[in-house]
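J.: Those protein sequence lines, which keep their order, are chains P and V. Under this note's numbering, think of the first position of the first sequence as 194, with each following residue one higher. Under this note's numbering, think of the first position of the second sequence as 194, with each following residue one higher.
Hints were generated in silico from the structure; no laboratory data involved. Quantities reported herein were computed from a predicted structural model and do not represent experimental measurements. Among the hints, erroneous ones may be present.
What the hints assert, rightly or not - Only pairs whose alpha carbons sit at most 27 Å apart, straight line, appear in this in silico BS3-like list of lysine-lysine:
(1) P/K309 with P/K214
(2) P/K195 with V/K214
(3) V/K195 with P/K214
(4) V/K214 with V/K309
(5) V/K195 with P/K309
Protein chains: 2
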Amino acid sequence: MKVQHHTQIPSEAVTMEGASKCHVRYLIGPLDLAPNFAMRQFTVEPGGCTPKHLHAYEHEIYILEGQGEALEGTISRPLIVGDVVYVAPDEVHQFRNTGDVPLIFLCLIPNSSNGKQVTVVPESPNNLSSCC
Amino acid sequence: MKVQHHTQIPSEAVTMEGASKCHVRYLIGPLDLAPNFAMRQFTVEPGGCTPKHLHAYEHEIYILEGQGEALEGTISRPLIVGDVVYVAPDEVHQFRNTGDVPLIFLCLIPNSSNGKQVTVVPESPNNLSSCC
Numbered sequence: 194m195k196v197q198h199h200t201q202i203p204s205e206a207v208t209m210e211g212a213s214k215c216h217v218r219y220l221i222g223p224l225d226l227a228p229n230f231a232m233r234q235f236t237v238e239p240g241g242c243t244p245k246h247l248h249a250y251e252h253e254i255y256i257l258e259g260q261g262e263a264l265e266g267t268i269s270r271p272l273i274v275g276d277v278v279y280v281a282p283d284e285v286h287q288f289r290n291t292g293d294v295p296l297i298f299l300c301l302i303p304n305s306s307n308g309k310q311v312t313v314v315p316e317s318p319n320n321l322s323s324c325c
Numbered sequence: 194m195k196v197q198h199h200t201q202i203p204s205e206a207v208t209m210e211g212a213s214k215c216h217v218r219y220l221i222g223p224l225d226l227a228p229n230f231a232m233r234q235f236t237v238e239p240g241g242c243t244p245k246h247l248h249a250y251e252h253e254i255y256i257l258e259g260q261g262e263a264l265e266g267t268i269s270r271p272l273i274v275g276d277v278v279y280v281a282p283d284e285v286h287q288f289r290n291t292g293d294v295p296l297i298f299l300c301l302i303p304n305s306s307n308g309k310q311v312t313v314v315p316e317s318p319n320n321l322s323s324c325c
C-alpha cells in the first residue's frame, strides 16, 4: 500500500501545445505498477487553461479547489469544487480557470491511453483573448 | 460530457459485511458507459469503517475530507485531506474514520472488478472495539 500526501509528489509544468499556466502531479501510475489506470492532479493558475484537444480515451475528473469552466467543443459548463466530470472518448474538451485562485482537479486516464494520438484543436481568436 | 455536482448523485448505504456507518455515491461508472474504470465516493461517519477485505483488483484513492487511518493488514497508516492511497491487488485493507467529522474519499476501481471475488477478513477482538 502506498500512502503519500499529494504535495510530496513532484509537480511538473505541462508543456503540451495549448497548455497555459498548467502543472501536473502523477499521483498513481506506472511507477506504482497500477495495472489499469492512472491518477493525475492538475493545477491551472488563474487565467490559465489546459489544451483544447481530443483523443480516443476517456477522462474521469473531480474538482478539488477553485473554479473554472469545462468547454465541450464551444459549449461552456461552469465548474465548482465537488463537481464530477466525465469526458467520453473523442469529445473535444478544455478546462479553464475563471477564478482568482488555482483550479485544482484530479484527472484519471486508462493505461491504454499510452501512445494514443492526441489532437490539439486550434483556438478561435475569441477564445485566445480569454486564456492563452 | 457529463458535469454534475457529487451531491446530485444519490448516496447509498454500504451493506457489505464488515461495513459500519458507510455510504457510497457512484460518481462515474457503467451508466455513463465509462469503458475502463469507475469513480466512487465513500463517506464514513465518525466511528465507522469500511470492511477489512481483499480482492484481486486495485484501488486508487484520494482523501477529500476528514481524517482516518488505512489499515494494511494490521499496519495502521494515518490519513489526512490530500493523501493519495494506492492499494495493490490482493492487499488486505480497511479504512477507518478516527475523527469527529465524516471521512470522505474517492475510490476508483477497474471495470474488470465486476464479478470478482471479495474476501472479508474477520476483525480481531481488539479491532472490533475501536470500530464496528
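J.: Which hint numbers doesn't this structure obey?
T.: Hint check: nothing fails, all pass.
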